[in-house]
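Q: Listed here are the chains, written in short residue letters.
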Amino acid sequence: MAMRQTPLTCSGHTRPVVDLAFSGITPYGYFLISACKDGKPMLRQGDTGDWIGTFLGHKGAVWGATLNNEATKAATAAADFTAKVWDAVTGDEVLTLAHKHIVKSVNFTQDSSCLLTGGNDKIIRIYDLNKPEAEPQEITGHTSAIKKALWCKNDTQILSAADDKTVRLWDRNSTEVVKQLSFDMSVSSMEYIPDGEVLVITYGKTIAFYNALSLDMIKTVDAPASIHSASLHPDKEFFVAGGDDFKLYKFDYGTKEELESYKGHFGPVHCVRFSPDGELYASGSEDGTLRLWQTAVGKTYGLWKCVLPEELVSENSDTIYCTPAAPEIKA
Amino acid sequence: MRPHVSVLRLPRGPAPNGRGFDPNSPRFIALCPTTISASTETATDSVQIREEQRARSALRESFLRTLIAMTNKQVQFHMYERVKVEAKFGASDIDVLNFQISELHTPIGVQKEALLRCQDVISYSFDL
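Chains as they are written, first to last, in UniProt numbering: chain V, 1 to 331; chain C, 1 to 128.
No wet-lab data here; the hints were simulated from the structure.
It is possible that some hints are incorrect.
[To be verified] Below, computed lysine-lysine pairings styled on DSBU-like, alpha-carbon distance capped at 30 Å:
no.: 1; chain 1: V; residue 1: K236; chain 2: V; residue 2: K179
no.: 2; chain 1: V; residue 1: K236; chain 2: V; residue 2: K247
no.: 3; chain 1: C; residue 1: K112; chain 2: V; residue 2: K59
no.: 4; chain 1: V; residue 1: K256; chain 2: V; residue 2: K236
no.: 5; chain 1: V; residue 1: K263; chain 2: V; residue 2: K299
no.: 6; chain 1: V; residue 1: K236; chain 2: V; residue 2: K219
no.: 7; chain 1: V; residue 1: K37; chain 2: V; residue 2: K205
no.: 8; chain 1: V; residue 1: K59; chain 2: C; residue 2: K88
no.: 9; chain 1: V; residue 1: K179; chain 2: V; residue 2: K205
no.: 10; chain 1: C; residue 1: K84; chain 2: V; residue 2: K100
no.: 11; chain 1: C; residue 1: K84; chain 2: V; residue 2: K59
no.: 12; chain 1: C; residue 1: K88; chain 2: C; residue 2: K73
[As the list claims (entries may be wrong)] Derived, one-sided and incomplete: chain V residues facing chain C with beta-carbon distance under 8 Å:
no.: 13; residue: V89
no.: 14; residue: Y253
no.: 15; residue: K256
no.: 16; residue: L303
no.: 17; residue: W304
The beta-carbon is built from N, C-alpha and C at its ideal position, and this holds for glycine as well.
All chains, full assembly: derive it from the sequences and hints.
A: This is the structure in C-alpha cells:
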C-alpha cells in the first residue's frame with residue numbers, strides 16, 4: 001500500500017548526525033541546522049537540503065543544535081564543554097559559554113533573548129544573551145546527565161529530560177519543580193509542540209504524548225523497534241519516528257496505526273523532525289547523512305517533482321519558497 | 001497508475017573550501033547592514049561607521065601583508081598548553097584556519113611538512 005519514497009540525501013557530515021532543528025518560516029524560507037559528532041554543525045535551506053554554511057569553531061562533537069525562529073541566530077552544544085551562539089546569516093561565532101562538562105542541549109526563548117543549556121553536569125542554565133558576561137541562572141535537581149532542556153508555556157516554564165529517567169517541569173522564576181514524570185528507562189528524545197501544548201517523549205520502543213502543561217499522558221504508541229526520536233506533524237494528524245532498525249515510521253496520531261515505513265538510512269536514526277510547514281520531515285543518522293522525506297509522497301515540493309502518468313507532465317514546478325541564489329557549488 | 005515522483009536534483013553539498021554563508025545571497029544582503037556588528041553601540045553616526053570601517057580595512061590589509069611577508073621565513077609559534085614551536089611558514093588557507101608549514105621543530109623531532117591549526121595558536125613572531 002505504501003508508496004516507495006525517494007528521500008533527499010544531504011551529505012557533508014563525516015560522522016553521525018545526532019541532532020537537528022528547523023527554524024520558523026522566514027521571508028527566505030525555513031532553515032535546518034544539524035549537529036554532528038564531527039564538530040562542524042551545518043546550516044541548510046530547509047525545503048531543499050542545500051548546504052548554506054558550516055559553523056566552525058567547536059573542538060569536539062556537537063551534541064545539540066538549534067535555530068531561533070527567524071533563523072538569524074544559531075546555538076550549539078558540544079563535547080568541548082562549551083555552548084556557542086552564532087550569527088546564522090554570516091556564520092560568525094558570537095558567543096562562547098563555558099561549562100564544566102559536556103553540553104548536550106541548547107534552546108532559545110521565542111524572542112531569542114535567553115538561551116537554555118543542559119548537559120552532563122546535571123545543571124540547567126539560563127543565559128541572558130543581552131548580558132552574556134553575567135552569571136547564568138542555575139536550576140539544579142537532576143541526578144544524572146541532562147539530555148534535553150526546552151522552554152515551554154511561553155518561556156515561563158522549562159521541560160527537561162535526563163538520564164535519571166525523569167522528565168521535569170520547572171518554573172522559570174522560582175526554579176522549582178512543578179511536576180515530574182518517572183520512567184523505567186532513560187528517555188531518548190523529547191519534542192515540545194507549543195501549539196496545542198503537546199510533549200512528545202520517546203523511550204524504548206514507545207512514543208508517548210503528554211499534555212505539556214499538566215504532564216498528563218495523552219496516549220502511547222509502540223513501534224516495531226527501539227525508537228530514538230519522534231516528531232508530531234503540525235496538524236497533529238500523524239507523527240514520524242526512527243531508531244535502531246534504520247527505518248522511518250509514519251503513524252496515524254488519531255488511530256495509532258502504523259501507516260508507512262521507509263528504508264533509506266544505513267545506520268540507526270538519531271533524530272527526526274517535521275518542517276514548520278509539515279510538508280517534509282528530516283532525519284539524521286549514525287550513517288552521517290540527513291535525509292528529507294515527503295509527508296505527502298507524490299506532491300511537487302522543494303526538489304521533488306510530481307510526474308503524472310501518460311505524457312502529461314505537471315506544469316506546476318514552482319517551489320513554494322524562493323531558494324536564495326547561491327553560486328553553483330561543485331559537489 | 002500512480003503518479004511517479006522524480007527528484008529535480010540532489011541537495012547541494014558543502015563547498016570544497018571556505019565555510020559558506022555566501023555574502024551575495026539575498027538573505028545576507030538584506031540582513032547584514034553596513035553597520036559593524038562587533039560594535040556594542042549601534043553607530044548611528046555614518047562618519048563613525050566609515051572611520052571604523054577604514055580602520056578595519058587597514059588592519060586587515062596589514063594582517064594579510066604580514067602573511068605574505070612571512071612566506072618561507074622561520075616563525076615561532078606560541079600555542080596553548082605552553083607549546084612553543086618553530087617552523088618555516090608556507091601559506092595560510094582562505095579562512096585562516098590552517099597554516100601550511102615545513103620543518104616543524106617539535107620536542108619529539110622535526111616534522112617535514114605539517115598543517116598548524118590556527119585556533120590553537122596564541123601568537124606568532126618572525127623577523128622581517
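Q: Next, verify each hint and record whether it holds.
A: Verification of the supplied hints:
1. A distance of roughly 25 Å separates the Cα atoms of K236 of chain V and K179 of chain V; the hinted pair therefore holds under the 30 Å criterion.
2. Only pairs whose Cα atoms come within 30 Å are accepted, and K236 of chain V paired with K247 of chain V is accepted, the gap being roughly 21 Å.
3. Annotation: proposed proximity of K112 of chain C to K59 of chain V holds, straight-line Cα distance about 25 Å (limit 30 Å).
4. For the given pair, K256 of chain V sits about 12 Å from K236 of chain V by alpha-carbon distance, which is consistent with the 30 Å threshold.
5. The hinted pair formed by K263 of chain V and K299 of chain V meets the criterion: a straight-line CA distance of about 19 Å does not exceed 30 Å.
6. Under the criterion of a C-alpha separation no larger than 30 Å, the hint pairing K236 of chain V with K219 of chain V is consistent with the structure, at around 13 Å.
7. Between K37 of chain V and K205 of chain V, the direct Cα distance comes to roughly 25 Å. Compliance with the 30 Å bound is thereby established for this hinted pair.
8. The straight-line distance between the Cα atoms of K59 of chain V and K88 of chain C is roughly 26 Å, inside the 30 Å bound, and the hint therefore holds.
9. With a CA separation close to 24 Å, the supplied pair K179 of chain V and K205 of chain V stays within the 30 Å bound.
10. Using a Cα cut-off of 30 Å, the hinted pair K84 of chain C and K100 of chain V holds, with the two alpha carbons roughly 27 Å apart.
11. The suggested pairing of K84 of chain C with K59 of chain V holds, with an alpha-carbon distance near 21 Å, which does not exceed 30 Å.
12. Restraint check for K88 of chain C and K73 of chain C: the C-alpha separation of about 5 Å stays at or below 30 Å, so the hint holds.
13. Taking 8 Å as the C-beta cut-off, the interface hint given for V89 of chain V holds, the closest approach to chain C being about 5 Å.
14. Among the interface hints, the one on Y253 of chain V is violated; its C-beta lies about 24 Å from the nearest C-beta in chain C, farther than the 8 Å criterion.
15. This hint is violated: K256 of chain V has a C-beta 26 Å from the nearest C-beta of chain C, more than the 8 Å allowed.
16. Hint status for L303 of chain V relative to chain C: holds, with the closest Cβ pair at about 5 Å, below 8 Å.
17. Restraint check, W304 of chain V versus chain C: the minimum CB separation of about 5 Å is within 8 Å; hint holds.
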